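Protein chains: 2
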Amino acid sequence: MTDETINIEGAVCAPSLTHNEQIVMGHGAGGRMSQQLIQKAFMSAFDNPALRAGDDAARVESNLHANLAISTDAHVVYPLFFPGGDIGKLAVCGTVNDVAMLGAKPLYLTAGFILEEGLPMETLRQVVASMKSAADEAGVQIVAGDTKVVQKGKADGLYITTAGVGVVREGVSISGANAKDGDAVILSGSIGDHGIAVLAARGELGFQSSLQSDVAPLNHLIDAILDASSNVHVLRDPTRGGLATTLNEIATQSNMGILLNEETLPVHPEVAAACEMLGFDPLYIANEGKLVMMVAREDAEKVLAAMHATKYGEGAVIIGEVTAEPRGRVLLKTALGSTRIVDMLAGEMLPRIC
Amino acid sequence: MTDETINIEGAVCAPSLTHNEQIVMGHGAGGRMSQQLIQKAFMSAFDNPALRAGDDAARVESNLHANLAISTDAHVVYPLFFPGGDIGKLAVCGTVNDVAMLGAKPLYLTAGFILEEGLPMETLRQVVASMKSAADEAGVQIVAGDTKVVQKGKADGLYITTAGVGVVREGVSISGANAKDGDAVILSGSIGDHGIAVLAARGELGFQSSLQSDVAPLNHLIDAILDASSNVHVLRDPTRGGLATTLNEIATQSNMGILLNEETLPVHPEVAAACEMLGFDPLYIANEGKLVMMVAREDAEKVLAAMHATKYGEGAVIIGEVTAEPRGRVLLKTALGSTRIVDMLAGEMLPRIC
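For the record, the sequence lines run as chains L and H.
Quick note: the first sequence uses the numbering used here, first residue 1, plus one each step.
Quick note: the second sequence uses the numbering used here, first residue 1, plus one each step.
Because the hints were derived from the structure by calculation, they are not lab data.
Bear in mind the structure is a predicted one, so any value in this text is a computation, not a measurement.
Virtual Cβ for every residue (Gly too), placed ideally from N, Cα, C.
Be a bit skeptical, because a hint or two may be false.
[Unchecked claim] Under the rule of at most 27 angstroms between Cα atoms (straight-line distance), these lysine-lysine pairs were calculated in the DSS-like manner:
| no. | chain 1 | residue 1 | chain 2 | residue 2 |
| --- | --- | --- | --- | --- |
| 1 | H | K333 | H | K154 |
| 2 | L | K154 | L | K180 |
| 3 | L | K152 | H | K333 |
| 4 | H | K154 | L | K154 |
| 5 | L | K154 | H | K105 |
| 6 | H | K333 | L | K105 |
| 7 | L | K302 | L | K105 |
| 8 | H | K311 | H | K105 |
| 9 | H | K152 | H | K333 |
| 10 | L | K105 | L | K152 |
| 11 | L | K105 | L | K311 |
| 12 | L | K152 | H | K302 |
| 13 | L | K152 | L | K302 |
| 14 | L | K302 | L | K180 |
[As the list claims (entries may be wrong)] These stretches of chain L come out as covered by chain H in the derived footprint (C-beta under 8 angstroms, 3 or more residues):
| no. | segment |
| --- | --- |
| 15 | 140 to 150 |
| 16 | 226 to 239 |
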């Protein structure tokens with residue numbers, strides 16, 4: 001037992017984590033409970049500048065002539081295969097995207113597999129092939145890996161944890177903390193596709209759907225964006241917790257307000273229908289091939305044009321702006337003209353969506 | 001379905017993996033079946049020079065002024081706590097050691113957590129504190145992390161996958177492929193401690209034991225070794241599959257013979273007793289704080305002296321030599337004077353030992 005442990009246990013004002021509390025599904029949902037878990041359980045122990053920045057990837061200083069971006073993601077999506085993708089594609093794209101969101105060129109991935117005894121070899125082959133295909137598209141190499149097997153019933157088919165290393169573009173400083181008053185907020189395409197596609201694969205929609213997950217590597221899109229403008233302040237992929245949660249994180253990190261225009265939010269009709277039926281809000285549904293960004297207003301149009309010329313940016317639109325007030329808040333101007341607060345995801349929503 | 005998949009499926013002469021085969025525990029044991037799995041399922045898809053080198057960490061060329069070492073390890077040890085360590089310490093040391101075994105200075109770690117619903121928060125706190133403590137001792141930062149939660153029964157408490165990035169020492173070229181005829185084989189201490197300590201924690205020994213796992217970060221020991229000699233050819237930590245498996249890997253990679261002297265092999269009396277009772281051979285039991293190395297014979301004594309001056313190298317001994325023949329084989333000269341072949345671990349031995 002180290003001093004650190006005692007410090008953690010001695011911390012007062014922990015909003016929710018007491019000594020006997022257990023991990024619940026909400027801790028993995030990417031919303032507030034996840035943040036509390038990170039703050040209480042991990043940040044207090046691991047605290048360092050790179051972690052503290054709170055971005056999807058860590059930019060690390062070194063004695064090298066460039067900064068590296070390093071990131072990791074564990075993947076436990078259920079089911080393993082869903083329309084438009086599978087756990088392997090997800091594991092590669094998730095980490096490629098996290099590295100790229102720092103304005104870095106992803107170069108190298110690692111992959112740690114936890115396999116359940118009894119997993120059909122063919123399933124593994126398909127997943128690995130899918131990883132390879134996604135890595136090729138992204139232009140990254142999977143340079144290290146590890147495999148563990150656990151007894152039947154101790155995992156759910158397979159879990160994959162990837163880590164990624166990239167080199168940060170020179171002169172680029174992108175962070176969730178860098179949103180500026182007046183910045184345009186650009187979204188690269190429709191929201192909620194991934195989450196609803198996975199629900200469909202679970203048979204939970206109650207109707208036939210042709211919807212595909214949007215899972216995709218976004219690093220080439222980001223290259224196009226950064227080539228078009230040197231005034232990109234924030235890049236983030238709204239995964240678990242959805243766009244609402246990601247924007248709340250940025251509003252908090254930057255201590256800025258964000259005002260969204262509901263009418264401009266692109267939502268696929270099938271996603272809208274599913275959400276209406278199931279009582280979900282597309283703003284909280286996970287995406288795996290979308291990014292949201294803040295860019296100086298004067299560069300917004302040329303960035304949009306550059307995005308429209310790419311495969312994964314065709315549907316890019318301006319969805320709002322960064323405002324000085326109310327600091328740390330996300331507001332939505334509804335189609336009816338009223339304005340409501342958009343909070344971050346609270347508790348659990350769709351478990352094991354990625 | 002990509003061309004890669006078709007190529008994999010079309011591969012002939014796969015020694016054991018057929019279309020309908022399932023993952024079994026042996027695939028995770030670190031021996032031959034693991035190698036086959038890697039060859040068949042992963043190497044064929046991900047093939048690149050860094051993976052092909054077959055070392056514990058990947059040395060990756062970049063446009064930077066130094067080479068990076070990148071590695072990953074998934075950890076599923078059962079139970080989570082055992083004499084001398086826990087899954088957190090293991091997760092940090094395992095990856096630190098893999099990076100360091102390339103002659104690199106480990107700098108940055110990532111950690112992906114898969115948590116089972118219902119895990120006591122206190123357990124997580126202890127594990128995280130243990131990670132922090134091990135990271136501090138090793139002098140590395142955990143710069144990125146991710147947490148997923150799965151339903152009760154879909155994991156076993158928690159699993160941790162770490163990845164590590166380090167900078168390779170200038171002028172150093174260390175690889176399992178570099179063993180040279182006449183090299184001394186040095187082992188840093190007693191073998192089998194980790195595996196038997198975990199068995200003790202499972203209550204499978206049938207007697208009380210004071211044995212502790214040897215889990216430890218070895219990067220400072222490696223610094224001392226590399227400061228002492230510029231003729232270090234191989235560094236490897238004999239984890240899953242034990243010393244026998246690691247030496248077989250090196251013999252194969254280097255296409256050299258290795259001759260061990262049984263009388264010099266350090267085995268703790270309690271490990272020896274446990275192995276005798278349970279029918280195990282300490283050569284196949286996992287270690288988590290030991291390294292085996294090949295160094296030019298003329299530097300062996302000064303390397304030993306440097307090792308003896310460090311915390312984790314006190315028990316270092318010369319256990320054998322590299323020989324030109326028989327190529328790719330490990331031989332053991334027994335205490336009785338006979339010589340037997342030491343093969344790599346076949347099939348499953350101790351599941352979830354790390």
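* Please write out, lowest number first, the hints stated earlier that are contradicted by the structure. => 1, 2, 3, 5, 6, 9, 10, 12, 13, 16
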